[in-house]
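Each protein sequence line maps, in turn, to chains B and L.
Just so we're aligned: 31 in the working numbering is position 31 of the first sequence, and the numbers increase by one with no gaps anywhere.
So the mapping is simple: the working numbering equals the position in the second sequence, first residue as 1, plus 1000.
In case anyone wonders, no lab produced these hints; they're calculated from the structure.
As the structure is a computational prediction, the values presented were derived from the model and not from experiment.
All C-beta atoms, glycine included, are put in the ideal place defined by N, C-alpha and C.
Among the clues, some could well be false.
[Claimed, not checked] Computed Cβ-Cβ distance ranges for the label pairs, DEER-style:
hint	chain 1	residue 1	chain 2	residue 2	range
1	L	Lys-1576	B	Leu-278	49 to 59 Å
2	L	Ala-1236	B	Asp-17	11 to 21 Å
3	L	Tyr-1193	B	Leu-278	36 to 46 Å
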Amino acid sequence: MATVIALPIETYAGPVDPDWCPGCGDFGVLKAVKMAAGKLGIKPKDLVIVSGIGCSSNLPGFIHAYGVHSLHGRAIAVAQGIKLANHDLHVVVTGGDGDGYGIGIGHFIHAMRRNIDLTYVVMNNQIYGLTTGQASPTTMKDVRTKSTPRGNAEPPINPIALALVSGATYVARGFSGEPEHLAQLIAGGIAHRGFALIDVFSPCVTYNKVNTYPWFKQRVYKLEEEAGYDPSDVMAALRKSFEWGDRIPIGLFYKDEHPIYEDSEPALRRGPLVRHPLRPERAVFEELIEELM
Amino acid sequence: MQEVTVGIGGAAGDGLDKTGDTLAKTAARLGLYVYAYNSYQSVIRGGHIWLRVRIGEQKLTSHGDHLNVLIALNQDSIERHAREVEPGGAVIYNSDKLKLDPTLLRDNVLPVPLPVSAITKPLGKVPPVMQNTVALGALLFLIGLDFETAASVLTDTFKHKGQAVIDQNVAIARAGYEYAREHFVPLGYRWTYTHIRRPFITGNEAFAIGAVTAGCKFYSAYPMTPASSILHWMAAHAERCGIVVKQCEDELAVVNMAIGAGYAGVRAMCGTSGGGFALMTEAIGQAGMIEAPVVVIEVQRGGPSTGLPTKTEQGDLNQVFGASQGDYPRVIIAPGDVADCFATVVEAFNLAEKYQLPVIIMSDLLLSEHPETIEPEALRYDVPIERGELVTEWDESQGRYKRYAFTRSGVSPRALPGTEGAAHVAATDDHDEEGILISDVFTSPPVRRKIHEKRMRKLEAVLRELPPPVLEGPEDAEVTLIGWGSTKGVIREAVEKLASEGIRANHLHIKYLFPFHAREVSEILRRCRKTICVEANYSGQFARYLRAETGISVDAHIRKYDGEPFEPHQIVEQVKAILQGKPRTLDVTEDEAREIANHYIRTHLDDDARPGRISRLERDGFEEPLWNVEIISRETGQRRGRLLIGVETGSTYRWQPEESAS
């Protein structure tokens, strides 16, 4: 195995500073993504950050790497296309809870089912921030927002449980108030061969007055510190995924090795598609024509 | 020119398409031309199918107007189509199972009853589907096609099933051939075989093979008729051709994956029909905005909504023009025939990559699903591959790489992810030359203006590169027929028919829909005497577009939206009516009244009923004239009642069973 040469975080300094609100949880996530890439020694040219739309989806603009700031909800689809075209690239998808668990949830589930080798970092602030504070798919029940003035009638999506039952092979939750821990989780996800979800509590300091830094700080605890927790046990992970109240677990819920989607594609055995010769072999072409005769 | 049209009618699962394929390939191997059209899930009860195979010594560009031989695999097919068989023709059927009412036949049509079980008895137990093979053998004798060539086609078709299956098929076909030779006189066809081998290929196969030849490495799709056969071809050939073929969860994933793959540097394509395209539209604008190459094939079917999944139409033009919000550069091309499908997809990849934009290819069920023989040279190996300007490395000491550099041409050299020194963000928010967003804190009206102009400017070069349309036929023609897409062949044939009837017509076929050669088309149209736009949709979408682009309103329209493709005579008759100044009528014709009656029988009556005599009644208590369709028993021929159908509205007013029919 090649020796990993860690890169300093400045390697990934973006062209402009983030325009997030002061105190936004996403700052911690941006830092953690850079730290994770640096820790793994990934050169900016080999890193592609794909996002959708929302405050957090602006992240690719703030990091020195390749990036696609795609459509609302479509980041995972675009990212899969990139990965299948060039599987030598490290493809990290970043976005928010509305983007991934609302409008883009179909792609999220199917990408996990495929176990395609992507890392998905969701900055989950339980609110629509960029559109100024409507309920999101992870807004807790009864919480009042601009779109739910009488309290949210719908219970939230449980992204960890959803990922576990959908076939993701690396399922973790971080907290942007713990960037070092989060960086570990993201690095683990990038290094993992298969679909990695890192759901991140990333408080919206402007529009979510319920799930604040103090709210999380009082509740979160690390699974790594939980005696006897085995992240290879999917049923144990599932039980933990339902823990939500005075204690909320963060850390690695589940990790296992399974074949990845790319393994099933014969064309990819010859290396990344982007490097294949364009024309088919003449003999193959002639066979195709002969079939029509 | 010698030609024959064979119609094969039967139920889904009768193996009818295999029989048609054997016939077509036999003719093709002999050096004849073939054009086939399969009208499926349509006019015949229980999801029955109607396949027409037209064979000729010269290039055929439509399934034509004729029916010379009917192979009826079930009773419906006899009743529906026997009357269409032209004098000199024949009706072939399994006389063990089916009855042919001779009153259905026109004069000089030969009934060819085949006692299939007696014919195949010496060959042991044979499956029922083999009735087709017996009929095929008899047909070959009647229309004078070489049996040994058919045997070679059967041999190749069943190669994967082993020698026993090959032998059985050939023996059964031969038995049918010999039976016909002993009992019937051939229909008098004399063919000149050139033995030039030509591919027999559908539009969708041409798209797929064209894509692979042009270097397509990624194809994504969600199953949707009539685009699915591209997916099937790609999936079956993926390993051999080194393509990743991805069936996705929905069309949103389909197009976004293709765009991702195109951004990352592979030639990527996806295909769908109108409903799927509707889901793709936002992403197509994304490809325009981030300047990612992608090829999208839109195979139209009858709309709106789920519409007619297995029927043809050219009704998605407005949708494709209107796809996605805002203005963005894209190219829209509508190939006119199967050979053009191959050429168009090659061209589409080059345009997509050179100009870094989405290219939409518009096809329809007719063009995509019908097979025809094409000249072998149309499928060439060494197609041009032009990838446009690529940055393969960037020295950061010369400044930051500008992915969207404001160039004169509008094309900014592209760096693929993985390129040293050229990291950047491709954003769907509008952005500056470097890709930095101008949508939020860095909002800048002049930067927005200049990048928008840069993107759109690419279309000027695209238009210069595309060949303008040309007027085919005499310059001074009395009438000009204008069409686009799949109607090219049928209009060409209608023009020839008109000429044979002394009407000088010419033909303006338009392939490149956007950007549009407005100046050239205007110049052509201004010289034309009477212009008629022929298109397979209700509202004349193309004529409207033509008016928007050229300011010229066509003089008349020929439109069709019943799901079936145009036949040459339909165009000819309407052209003549227009020239004679007859008003367009939307009245139900007698043939249509029979079909409406068939529909009523299928949905409300039983298998024994079929339409009999049809007469016209004036009003009879209704607010419009009526078609009075007699319904008779198949078994006894006795009258069971009558159906009254409105001539204007097509309403099925009343079913009057016999006891109250008087």
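Is it true that the C-beta distance of Ala-1236 (chain L) to Asp-17 (chain B) lies inside 11 to 21 Å, as the hint says? violated (52 Å)
Outcome of range test on Cβ distance (Lys-1576 (chain L), Leu-278 (chain B); 49 to 59 Å): holds (51 Å)
Determine whether the Cβ-Cβ distance between Tyr-1193 (chain L) and Leu-278 (chain B) falls within the hinted range of 36 to 46 Å. holds (39 Å)
Going through the hint list in order, the structure does not satisfy hint 2, though it satisfies all others.
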